[in-house]
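Using the hints provided, position chains B and C relative to the given structure of chain A.
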Amino acid sequence: MSDLAMTASVPPPRRRHLLPWLYLAPAILTLGLWIYWPLIDAFRLSFYEWNMLPTAEPKFVGWQNYENIFALQKFWQSLNNTVIYVVGLWPLAVLLPLAIAIYTHDLPRRSRNVYRAIIFVPLIIAPVVAAAVWRWLLDPRYGLVNEGIGTLGYRAVRFLQDPKIAIWTIIVLTGWKLIGFSTLILSAANANINPSLIEAARMDGATRWAVIRDVRLPLLRSTVLFLTLMTILLGAQWSFSYIQVLTGGGPLGATTNIFYILWDFGFSSLSVGWSSAAAVILFLGFGLLAFILFRLIDRYSFHDN
Amino acid sequence: MNRKTFLLGTLASLGVAFAAPALSQSTPRTVDQKVTISYYNYNLASAGNGADATKRLIAQFEAANPNIKVDGVGAAPNDLTARVQADIAANRVPDVVQMVFSDLDFSVTNLGAVALESFVPPDELAAHFDGISPNGRKLGVIDGKTYGLAYTFSTPVLFYNADIFKAAGLDPDKPPKTWAEVKAAALAITKKTKADGLLTGIFGPSAGDWLFQGVVRSNNGGVMSADRRKLVFAEPAAVEAVAMLRDLYDSGAYTNLDVTAAMETMAAGKAGMYLQTSAVQGFLVKGATGKFDLRASTMPRFGDKPQRPNNSGSALVILSRDPLKRRAAWELMKFMTSKEAYTVITRDIGYLPLRTDIVNDPQYLGDWVKKHPLLQPNLEQLAILEPWESFPGPNYRQIQKMMMDGAEQAVFGGGDPAKAMKQAQDSAQALMPK
Amino acid sequence: MTIDSAVSAPLRSMPAASPRARAKGKGRATTAIAHLVMVILSIFCLFPVYWMVVSSLRPPNEIYDTSLWPTGASLDNYAYALKAIPIVRMLGNTLVVSTVVTIAQLITGLLAAYAFARWRFRGDKFVYTLVALTWLVPFQVVMIPDYLLVSNLGLLDSLSALILPHLAGALAILMLAQAMRSFPREVIEAARMDGARSWRILWEVIMPNLRGTIASLAILVFISTWNEYFWPLLLSRSPENSVIQIGIQMFMTSEGTAWGPLMAASTMASLPILFIYIVLQRQVVQSFMKSGIR
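Residue numbers (my numbering), protein chains in the order written: chain A, 74 to 378; chain B, 11 to 444; chain C, 96 to 389.
Quick caveat, the hints were computed from the structure, so don't treat them as lab data.
Honestly, I wouldn't trust all of these hints.
Computed list of lysine-lysine pairs in DSSO-like fashion (alpha-carbon distance at most 30 Å, straight line) [what the hints assert, rightly or not]:
#1 B:K381 to C:K178
#2 B:K429 to A:K147
#3 A:K237 to B:K429
#4 A:K147 to A:K132
#5 C:K178 to B:K65
#6 B:K296 to B:K202
#7 A:K237 to B:K201
#8 B:K155 to B:K344
#9 B:K315 to B:K201
#10 C:K178 to B:K349
#11 A:K147 to B:K432
#12 B:K432 to A:K237
#13 A:K132 to B:K240
#14 A:K237 to B:K204
#15 B:K148 to B:K380
So that you can see chain A by itself, here it is in the shape it has in the complex:
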């Protein structure tokens, strides 16, 4: 596993069993109390109909809550949209940052740092604020972006109102927030590549592209995989605030994703059954996805040093 673990040889056996748990206790208690305990309770409550009130008895309804959710017309639409979100987000959260990281690597250090600092700024703006400003900028009637499009002689684009465009708008806004973070991580990984490897390749007469293809990309693979995983597993969550503030899942359900629809039908109305079932579906669904992805990675990649 780790260098550190190897070195931790033989303290007295009994204390050795107890000690790590002492160190873990604060974290385990916090996460257990505030996250896992409610989650476990959700598994149980997903089979009940209950309004949470102390005066009302939870009523056992079997799989009813799950059936209700799977019967939602929007459920399958949202599942489909979730895939679009992930696929659309990937170039913004991984590919573009990768290109920026490699491309700007050769820029002078000062301007490179300025650029990287600037594209990090969206990350520190609160999602609610960001959504509000963007809604204003993109408004078809008085928004600045459409004013610009108008002066170029085109018709106003209904960024958030046209069902065909809205989802891409949300994707770009989510990506806007992520580019800086991904770029930083990839730049870090890129900067950590041993320069002698690159020099050696250049000595062999490799072109710039060949260096990227044969040296940099393979060495950046684990970071790219990590970001890809994050995008697949968390992309739907990242878009949530934007969907909520900007479109509410509309128009015509074009921007709902699995996360939003379960929130909309489950958590926003406090029927414990719906929301618990929604929680279980989300957790198990993404848990399973994570399991499969990690399996695939283990199988198809060998660890680079």
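What follows is chains B and C alone, placed relative to chain A:
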């Protein structure tokens, strides 16, 4: 220590409330000891006139009732019921709640809203009801009992931009009265100006279903049978209303914008007509002042059928279990639905007065109403107002969402309206209480 | 000091200018294109922030104007926002919550990461996975049970309710565990030889050397706590005991958005964090460059 006794007290009173429904004897007639009640109000959750006016009203009430302290709790309208529910679950039962009308049924069947008749002596109740518009009072009645008194409520109003009307060659003194006239006017506007013809607040995530209900009802349709068991929003009359909206949209007369965008487009002077609750009036006036001539008309009707608007907004509801608190809550409710309070609510927050007799009374709204003609169509409709129906059962919100999803699909989605409504009705019917 | 030298060493050794020296003509064109792309991207990233500030300075009746610069800058929106809600108090609350949460997560994170990195014990992988899996538990799932818990503890309408559920976080634990695993073992061996106990090794040997990771982690946790919205929204009862994100949201009402004050409040909410970022920017970027998240 304190908290424990409080919790025990609440629990005990809970026991009392549910063991003995005939509580009217035990509710005192006056509040003769110090008591603190909580008041859940969504105007307090935002900054602006609504919050200021509400705080002022609370202060006035406390000054007049030195024994009662009011603890104001703010939560956004869409989250308010959830908050109330969570607090009841946590054994902190709210005393007075400003409940959105679509949650009224739920608050009666699930949150333990108290019928006024069950604890207020009949003579006192009759005295308070005197002067209240009968149509307005009906809004808070379920199964013959008064659970809520309309507090901040209003009707659908057709706002229009008189300058755009002129530019399109329309007479701003003769606003369209029927949907057919609305369509003609909107098409004239889109043809001759760069503005949108018609915007509405019917659809959208935060729209709810109140305006939709009004449109459907005006075509003599409905959303639910009289016994509140069967959904009927896919019946021909309702579908016809939906198809009319669909035709408006297809013809280009009606532009589909979400609730906020529509409001802002109208306020920015870039739309001809806008059908929405009169509660947005303040916002529109702010945008229009010095820029364009904002006017208002009543909700459009279908041909010769009279329009049948229903209300939007909220009612005050009492949830207290403890007799003393219940009395204090009633005192607060009486104050908040008094002539003085409605004067403030109408003038400063922009809603309708439940007591119509203050409209022409110079002591209250008399002068103000004369200076603010925009309120007129709203007042006209108060006389023909019908209740905004709330769906029954624990899945009421999901049912409402399904209906609105279906209608949105029918109007903007391009499919067959009848089919879309039928499909929505069938899946929603499964969630109705059996 | 240590960080700076540690970080700048690899940076300096980067042959940043060398490719240009090698292929001059082609290199210059590439560089120009790189600059162009980056400038466009920078505008895309910065413009909304700029727009927020500019709009907050517009007089109320020009709020829908689209000029890039307000014709007559006015502080009316700020005056109104400050009067309408207790912004200073809310900013103070947010600062307290964010600071406490950041420190708490660093401490619990260091302790837990140390346990993972230093020992192998029964169930270590399982616990590690459970920590990582908390990422997959959407907050909305635990929101209501947590609300009831807070309420039963008698903490509604208090800042501690905003802090307690965030005393530990997966990001801190995982990131620190990663960083510790790549820590040179010789140093620890040496400390052990000197008879240092595990507790002292953590605080005196490991922690000082993780300053870069700790700094970037602190920034991330601070930012995300500062920007947190849903949990405070559920808890908020009175503006005086709420955080600034709730204050911002108070200007977006169902009866219309008060754009001017909203932008003013947003600017005031973003400024502190923007300021912290600008001051620590070099530190943050460099610590990312050094440790990264792998």
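Hints, verified against the model:
Taking the CA atoms of K381 of chain B and K178 of chain C, the gap is near 28 Å; set against the 30 Å cutoff, the hint holds. Of the supplied pair hints, the one linking K429 of chain B and K147 of chain A holds, its CA atoms being roughly 16 Å apart against a limit of 30 Å. Taking the CA atoms of K237 of chain A and K429 of chain B, the gap is near 23 Å; set against the 30 Å cutoff, the hint holds. Proposed proximity of K147 of chain A and K132 of chain A is supported: the alpha carbons are some 26 Å apart, at most 30 Å.
In summary, the hint linking K178 of chain C to K65 of chain B is supported, as the alpha carbons are separated by about 14 Å, within the 30 Å threshold. A distance of roughly 26 Å separates the Cα atoms of K296 of chain B and K202 of chain B; the hinted pair therefore holds under the 30 Å criterion. Of the supplied pair hints, the one linking K237 of chain A and K201 of chain B holds, its CA atoms being roughly 25 Å apart against a limit of 30 Å. Pair hint K155 of chain B plus K344 of chain B holds up; C-alpha atoms about 17 Å apart against a cutoff of 30 Å.
For the proposed pair K315 of chain B and K201 of chain B, the alpha carbon gap of about 29 Å is at most 30 Å, so the pair holds. Taking the CA atoms of K178 of chain C and K349 of chain B, the gap is near 29 Å; set against the 30 Å cutoff, the hint holds. Simply put, K147 of chain A and K432 of chain B have alpha-carbon atoms about 16 Å apart, close enough for the 30 Å limit, and the pair holds. The suggested pairing of K432 of chain B with K237 of chain A holds, with an alpha-carbon distance near 25 Å, which does not exceed 30 Å.
As the CA atoms of K132 of chain A and K240 of chain B are separated by approximately 23 Å, the hinted pair is consistent with the 30 Å bound. Annotation: proposed proximity of K237 of chain A to K204 of chain B holds, straight-line Cα distance about 24 Å (limit 30 Å). A hinted pair counts as satisfied when its Cα atoms are at most 30 Å apart, and K148 of chain B with K380 of chain B qualifies at roughly 28 Å.
When held up to the earlier numbered hints, the structure conflicts with none and fits them all.
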